[in-house]
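Student: Chains as they are written, first to last, in the working numbering: chain A, 14 to 358; chain B, 14 to 358.
Hints listed in this document are in silico derivations from the structure and should not be mistaken for laboratory results. Please note: incorrect hints may appear among the correct ones.
If several chains are the same, the list does not tell them apart, and a pair holds so long as it fits within one copy or across any two.
[What the hints assert, rightly or not] In the PhoX-like style, the derived pairs of lysine-lysine whose C-alpha atoms are separated by at most 25 Å in a straight line are:
#1 267 with 34
#2 276 with 210
#3 34 with 177
#4 343 with 210
2 protein chains.
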Amino acid sequence: MEFESQNRTELSSIGEFGLIKQFRAAFTPKQTTTLMGIGDDAAVIQNSNTPLAITSDLLLEGVHFDLRYVPLKHLGYKAVVVNLSDICAMNAIPKKILVNLGVSNRFSLEAIEELYAGIQAACQYYNIDLIGGDTSASQQGLMLSVTAIGETQASGAVYRSTAKEHDLVCVSGDLGAAYMGLQILEREKSVFLANPKMQPELEGFDYLIQRQLKPEARIDIINGFIERGIIPTAMMDISDGLASELLHICNESKVGIRLYEDKIPIDSLTFNTALQFNLDPTVCALSGGEDYELLFTIPQSAYEKLSKWNAISVIGHVTSAHAGCEMIAKDGTQHPIQAQGWKAF
Amino acid sequence: MEFESQNRTELSSIGEFGLIKQFRAAFTPKQTTTLMGIGDDAAVIQNSNTPLAITSDLLLEGVHFDLRYVPLKHLGYKAVVVNLSDICAMNAIPKKILVNLGVSNRFSLEAIEELYAGIQAACQYYNIDLIGGDTSASQQGLMLSVTAIGETQASGAVYRSTAKEHDLVCVSGDLGAAYMGLQILEREKSVFLANPKMQPELEGFDYLIQRQLKPEARIDIINGFIERGIIPTAMMDISDGLASELLHICNESKVGIRLYEDKIPIDSLTFNTALQFNLDPTVCALSGGEDYELLFTIPQSAYEKLSKWNAISVIGHVTSAHAGCEMIAKDGTQHPIQAQGWKAF
């Protein structure tokens, strides 16, 4: 299912400077705060009045993505989104990105254009300027490094380390769907590898596959905070799975958390598909990862401000560090929350 | 000559989070403007009053560096420096970096600590805070992505596109040495591959090898501009070679340049070693690259401000676009300047 274009133009025929020139034209800055985008030694941006949030991630073929089922356009989109999500997690609005690309001669110009089309789509959707980065040859495979920059609110950045006892623990959207999307794609990859003539059976799983291939950064939630006058006490995004992130907040804030299993938002398609795969839907939500939803805490006094905000679920509350990070299961039993996140090495 | 430690600790024994924790401790921010360094979803920095310059580069094993003769500590140092150099080229003072690292299990924890020691040495020498980045497994080889952020001067950023006719063309330091250092290292690598018992003959070439393995970013030149009240009209750093960079300034500024061969600063060791290798020293200076010196233009009226500044050479002047980008050779003949820069694909 790797991207195959009808036309194939070798990257060598256009060259590094030709490629940069082409993308410089495609990524004309739109914001007045971008004083210089692509085309000089460095980008130059006008400062906002508030501190800047900055993050950078490296995405490697075969480690972070599998081009056998991730279309290049989706990869470009997702590479941007995961970094924008980190900016949102600071209670900041992302504004600019830089993209570094390493690409082997296995890829055609058309393939790289697909990748950049995904990056461009994300920039347009989120109103982001691509202001810099470079493109170079790799010996093997595709690697992408994205740096994102955003503006914090006047109230300041929100960290992981500032949750307070008695705060409410909240999450946006629903969890576990990206993980189930991955299971579907992995299953179809196996079927395809066994018999390349088989068509993938993706019908009916659109939502799950979209959550895996085309996640979104919850800038809408940050804007929702601004509209409602909510300042979270602590926040992070859910990339490694809810369990792992809850433990981060407990460790960094030196608090405990009591999570209620029945409050964890799980979409019915995620739930039913998990059962089909003989997986526990709660485990998928806790450990699945890649949801890119926001996990945050608010003072109890801010609870009313959440009213009629369907995007937000209150899933627990902050306790003392002594009480630990615990889940109250649907049957009333209590279980310590354990991280089953991604092990890199 | 690849880094070999007496002890070898597998990265898997410490894990991704263990590694991040270790480096978080090693890279404690020193600047009050770093509100949050490593350890949250994103770094947070306090704004300066002037616009920020931002750049990001990807360095790949086997493409941008060869670990058979580049020690990991030097690699870490150089990866930072090349990005700081880009910030300097905007007439800005670098302040922060983010580093993303992709590393295969071929590398031990000790090897990665060497790499980070080089990054740390650069941070200390240049008074830079490392504020973020990530570390992840790669399937094969080492890849580094560095993002650097700096503060421009009150006079604003200096671009490539703003050189004016009659300006003087200047360069810092001397050129071609990094390229000759590479030739020495490549020669010794060949000798070593042919007979691993042979000791490398590097004696007497220290300056050239240092220019290749441990280049410096010319922050001192930017500070020199401030002290002397010099605002360059255009500037860039010399990474691909003088010829290539002169053409960039001509193209971006829509001007011509007249370069005088006898004014190009070449160290005597570079000169003599080039002759030993049957290379033309001028060609090495024009096309060698990786010098990380600053190429800039100033108004003729600022010429006096350069007096007694030995670090700076005036190598030519800006002409009309119509006159082209030309070199006047030592024998008085005129030659169009052509880029022989690095071809990526």
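Student: Does each hint hold? Answer for all of them.
Tutor: Hints, verified against the model:
1. 267 with 34: between (50 Å within a copy, 16 Å between copies)
2. 276 with 210: neither (43 Å within a copy, 67 Å between copies)
3. 34 with 177: For residue 34 and residue 177, only the inter-copy Cα distance (23 Å) is at most 25 Å; the intra-copy one is 50 Å.
4. 343 with 210: neither (44 Å within a copy, 69 Å between copies)
In summary, the numbered hints that this structure violates are 2, 4.
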